[in-house]
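Start from the sequences, fold in the hints, and give me the full structure.
If you're matching them up, the sequences are chains A and B in order.
Residue numbers 406 to 513, in my numbering, belong to the letters of the first sequence in order.
Residue numbers -11 to 102, in my numbering, belong to the letters of the second sequence in order.
What the hints contain is simulated information worked out from the structure, not anything from laboratory work.
Mixed in with the good hints there might be a few duds.
[Claimed, not checked] Straight-line alpha carbon distances no greater than 20 Å define the calculated SDA-like cross-link-like pairs of lysine to any residue that follow:
hint	chain 1	residue 1	chain 2	residue 2
1	A	Lys427	B	Gln29
2	A	Lys414	B	Glu32
3	A	Lys500	B	Gln38
4	A	Lys500	B	Ser54
5	B	Lys45	A	Tyr432
6	A	Lys500	B	Asn89
7	A	Lys414	B	Ser61
8	A	Lys500	B	Lys45
9	B	Lys(-1)	A	Arg446
10	A	Lys500	B	Ser61
11	A	Lys500	B	His17
12	A	Lys500	B	Thr18
13	A	Lys500	B	Ser41
14	A	Lys500	B	Ser46
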Amino acid sequence: AQRVTQPEKLLSVFKGAPVELKCNYSYSGSPELFWYVQYSRQRLQLLLRHISRESIKGFTADLNKGETSFHLKKPFAQEEDSAMYYCALKTSYDKVIFGPGTSLSVIP
Amino acid sequence: GAGVSQSPSNKVTEKGKDVELRCDPISGHTALYWYRQSLGQGLEFLIYFQGNSAPDKSGLPSDRFSAERTGGSVSTLTIQRTQQEDSAVYLCASSFGGAYNEQFFGPGTRLTVL
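So, in structure tokens, the structure goes:
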């Protein structure tokens, strides 16, 4: 079965602290993973994708096929990082499914 | 040109009525997706289109839900005999598909069933 899980619905961290948003997936094929972000009153938008191995706004994510995980990390959280974060899995034929999301709150 | 657009932005309807939600994707995008976003449920996959075909309709909650796409462009999501549990934000996204697939999302339609 194709599935994306994000165990934390809410995550609060202090400004300047490290942050890690967890994502696990279940997929028998070769996965393509993404992180999307939705800031308050804005549209959902792509943050980063594993295939590009990029760092966006200080965030990175590494695909670990052994643990079927794609956790999102940032060493020093900023107030502007407060948002809803969704992990997404692209399966065959371009179907994309999302996890339930994690609401990140960065405390000043 | 413009990004993905959806109409209406808000829809209030009475239980039992039919509603039609519209999505205008970015020109040239072959893939189009419908999701439902509700509190506590995250982003629920409904259906997606490649061109005018829907390879996967497995996310549609019931046979009251249907969707079509014409001319490889505009898509409509129809909900018949609406129920209160259908209340949610319905999001549409489009993409070029294939590798490096980035979805561009619309602003959503907030549906309220009274």
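Practice prompt. Would you check the hint for Lys414/A and Glu32/B, treating anything up to 20 Å between C-alpha atoms as holding?
Written response: holds (15 Å)
Fill in: 20 Å Cα cutoff - pair Lys500/A, His17/B
holds (14 Å)
Worksheet item: Does the structure keep Lys500/A and Thr18/B at a Cα separation of 20 Å or less?
Response: With Cα atoms ~12 Å apart, Lys500/A and Thr18/B stay inside 20 Å; holds.
Worksheet item: When you check the alpha-carbon spacing of Lys500/A and Ser41/B, does it fall within 20 Å?
Response: Distance ~13 Å between Lys500/A and Ser41/B Cα, so the pair holds.
Worksheet item: Lys(-1)/B and Arg446/A: Cα distance at most 20 Å?
Response: holds (18 Å)
Worksheet item: Taking 20 Å as the top limit, are the C-alpha atoms of Lys414/A and Ser61/B close enough?
Response: Status violated; Cα separation ~35 Å.
Item to complete: For the pair supplied as a hint, Lys45/B and Tyr432/A, confirm whether the alpha-carbon distance does not exceed 20 Å.
Response: Roughly 18 Å between the alpha carbons, so the hint for Lys45/B and Tyr432/A holds.
Worksheet item: For the pair supplied as a hint, Lys500/A and Gln38/B, is the alpha-carbon distance within the 20 Å limit?
Response: Given pair Lys500/A, Gln38/B holds - Cα atoms ~9 Å apart, limit 20 Å.
Worksheet item: Does Lys427/A pair with Gln29/B here, judged by a C-alpha cut-off of 20 Å?
Response: At roughly 17 Å apart (the allowed maximum being 20 Å), Gln29/B and Lys427/A satisfy the hint.
Fill in: Pair hint outcome, Lys500/A versus Asn89/B [Cα-Cα no greater than 20 Å]
holds (10 Å)
Item to complete: Below or equal to 20 Å on CA atoms is what counts here, so check Lys500/A against Lys45/B.
Response: Since the Cα atoms of Lys500/A and Lys45/B sit roughly 10 Å apart, the hinted pair holds (cutoff 20 Å).
Discussion item. For a C-alpha distance cap of 20 Å, please report whether Lys500/A and Ser46/B respect it.
Written reply: holds (11 Å)
Hint violations for this structure: number 7 only, all remaining hints satisfied.
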